[in-house]
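Protein chains: 2
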Amino acid sequence: MIEGHGDDGYRYGQIRMNFSSNIYAHADLSALKAYLATCLDGIASYPDPSPRHLEGLIADDCGLETSEVLVTAGATEAIYLIAQTLRDEPTYRVFRPAFSEYEDACRLFGYREAGQAALCWLCNPDNPTGKVYDKDYVKDLSRQHRVLVLDQSYEDYTARPLLSPSEAVALGNVIQLHSMTKRYGVPGLRLGYVTASATLIARLRAGMRPWAVNTLALRAGEWLLREKPRILPDMKAYLSEARRLREHLNEIEGIEMAPTSTNFMLGTVSPAMAADLKDYLALQKGMLIRDASNFKGLTPHHFRVAAQKPEEDDALVEGIKEFVTQ
Amino acid sequence: MIEGHGDDGYRYGQIRMNFSSNIYAHADLSALKAYLATCLDGIASYPDPSPRHLEGLIADDCGLETSEVLVTAGATEAIYLIAQTLRDEPTYRVFRPAFSEYEDACRLFGYREAGQAALCWLCNPDNPTGKVYDKDYVKDLSRQHRVLVLDQSYEDYTARPLLSPSEAVALGNVIQLHSMTKRYGVPGLRLGYVTASATLIARLRAGMRPWAVNTLALRAGEWLLREKPRILPDMKAYLSEARRLREHLNEIEGIEMAPTSTNFMLGTVSPAMAADLKDYLALQKGMLIRDASNFKGLTPHHFRVAAQKPEEDDALVEGIKEFVTQ
Chain P
1 MIEGHGDDGY RYGQIRMNFS SNIYAHADLS ALKAYLATCL DGIASYPDPS PRHLEGLIAD
61 DCGLETSEVL VTAGATEAIY LIAQTLRDEP TYRVFRPAFS EYEDACRLFG YREAGQAALC
121 WLCNPDNPTG KVYDKDYVKD LSRQHRVLVL DQSYEDYTAR PLLSPSEAVA LGNVIQLHSM
181 TKRYGVPGLR LGYVTASATL IARLRAGMRP WAVNTLALRA GEWLLREKPR ILPDMKAYLS
241 EARRLREHLN EIEGIEMAPT STNFMLGTVS PAMAADLKDY LALQKGMLIR DASNFKGLTP
301 HHFRVAAQKP EEDDALVEGI KEFVTQ
Chain Y
1 MIEGHGDDGY RYGQIRMNFS SNIYAHADLS ALKAYLATCL DGIASYPDPS PRHLEGLIAD
61 DCGLETSEVL VTAGATEAIY LIAQTLRDEP TYRVFRPAFS EYEDACRLFG YREAGQAALC
121 WLCNPDNPTG KVYDKDYVKD LSRQHRVLVL DQSYEDYTAR PLLSPSEAVA LGNVIQLHSM
181 TKRYGVPGLR LGYVTASATL IARLRAGMRP WAVNTLALRA GEWLLREKPR ILPDMKAYLS
241 EARRLREHLN EIEGIEMAPT STNFMLGTVS PAMAADLKDY LALQKGMLIR DASNFKGLTP
301 HHFRVAAQKP EEDDALVEGI KEFVTQ
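Residue numbers (the numbering used here), protein chains in the order written: chain P, 1 to 326; chain Y, 1 to 326.
Source of the hints: derived by calculation from the structure; they are not laboratory data.
Just to be clear, a hint being listed does not mean it is correct.
Chain Y is faced by these chain P residues, among others (derived, beta-carbon under 8 Å) [said to hold, decoys possible]:
1) I43
2) V186
3) G207
Facing chain P, according to a computed beta carbon distance under 8 Å, are these residues of chain Y, among others [claimed, not checked]:
4) A73
5) G188
6) R190
7) P210
The beta carbon of each residue, even a glycine, is placed where N, CA and C say it ideally should be.
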């Protein structure tokens, strides 16, 4: 479960442009970093074993009770914690292609796949497709399963309507995942949170080890909630740039990009392989894309990119053109 | 599993002296903090999903192969991961009083306690007693169980001989826990590691979620392994100070401190309660101690302290004297 994800530039060395994870790589983190520089004394103390202060700030922000919020070391920890906690009825359903961690976590705790599953995983906006499911569809789905996990890690990167935390809590059996990583472009911190009914949150909390979240990540989370800094680009302009990138990629012979409602998009290259395209771009151009062939249900030709700055997107289009015509 | 641990000064406000966790509170972290201040850009990238670079540095340092090392988000994550991974034979044994997380983790994964248990947990030096078990005793114990978890979190705080990582790996069925938190006084980072046979490490690794360790914690770990800074006090002098503290505490009417081979020590106060002693010291003196009454097998009269600077230890002795004579 640890191979083949995006943002693996550490494997290549010189990466100048990163299209490989689903976030905007140019978030302005200078104020957050300046704040964290003042928090470094915190490494010498244990974090609060359960980060109730940050959970309270998040609850206030979403109009929930603190008992309806659980802070985790990234959405990935939440995925494993959910599979661990609900394993008394170990059947699951996912919509493929899907983020591999849902299935990896379920397999680790002995689940089997089933149509009439107890536990259903839905990513909305979906990764890697960029598709957004209607609110009514999501509500219907929640009625068909004992628990619906609604991974809204990419919720800040779409203009389409999504279930709010309070709407999801009201459904009773929906566990909603949220990612500070994606919202603020801080994947290095490992910080996310879950919202759900107080009953479900209490069950999850009982299965969580103490001191799961690093002190600096907690301080960053509290600061982000207090300050609400403008870190993401203007979303209307950014999504419009994503559409422009998609159109230009679609004009390349051998490239086909699927529709998307967010900043990232799934495509195919043919007759070449996505792994070769990725290597070419990384080694020749210093550009990192996501080889999506390891998503179950996809092919060795699938890749995923997230739009970045217009000049980077132009360079990506040129790089891919060079690859297909070489 | 998240109530009643040490280092809970956040519950009291003004704490000036911390005797409550088993570490030296005055580790000189200035060089590490200065280094981390240069690493803050790292929050914008995913950590390596599995921190092989740091594992390699640790392996070199202990004379092991990288396949015999697993980095975790603190020793606590390792405890839960072990219970999760070995749950196919869910019987355990602990030596009481013991760190509550061993039993909490076992219960979470459906273990039951048994004399002839598959999984045995031993903390050496022991927490909260400060006792050190002989190497021969530990080897014997490893022969009596399928797997022996040997928590050496406090290994740097004793002059008594302990099993080295390579000796423990050679036994085949010993999983040894190590704590960067304790070694370097950095509990806020959440960083520890496990050493064991490549077979056991591979099983543990398969159950671990990706990106478990925060990027800044990884950078800190790499720097600490490279630089080997002198962060702990001179151990001979520090252990001698711990003996001095113990003698002075033992002179107080109503206080009885058990023998210890390390920097921390377990004691009783009577006829008063440890919880009242703790509240008195925190609220009246700004001193934090560990109420040890929630260790299974101990009583409401048990408390634990770790030696600090001589002048702080003197102040603690005076504070406790005031409490018992008030």
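Hint check results:
| no. | hint | result |
| --- | --- | --- |
| 1 | I43 | holds, 4 Å |
| 2 | V186 | holds, 5 Å |
| 3 | G207 | holds, 6 Å |
| 4 | A73 | holds, 7 Å |
| 5 | G188 | holds, 3 Å |
| 6 | R190 | holds, 5 Å |
| 7 | P210 | holds, 5 Å |
Violated hints for the displayed structure: none, as all numbered hints are satisfied.
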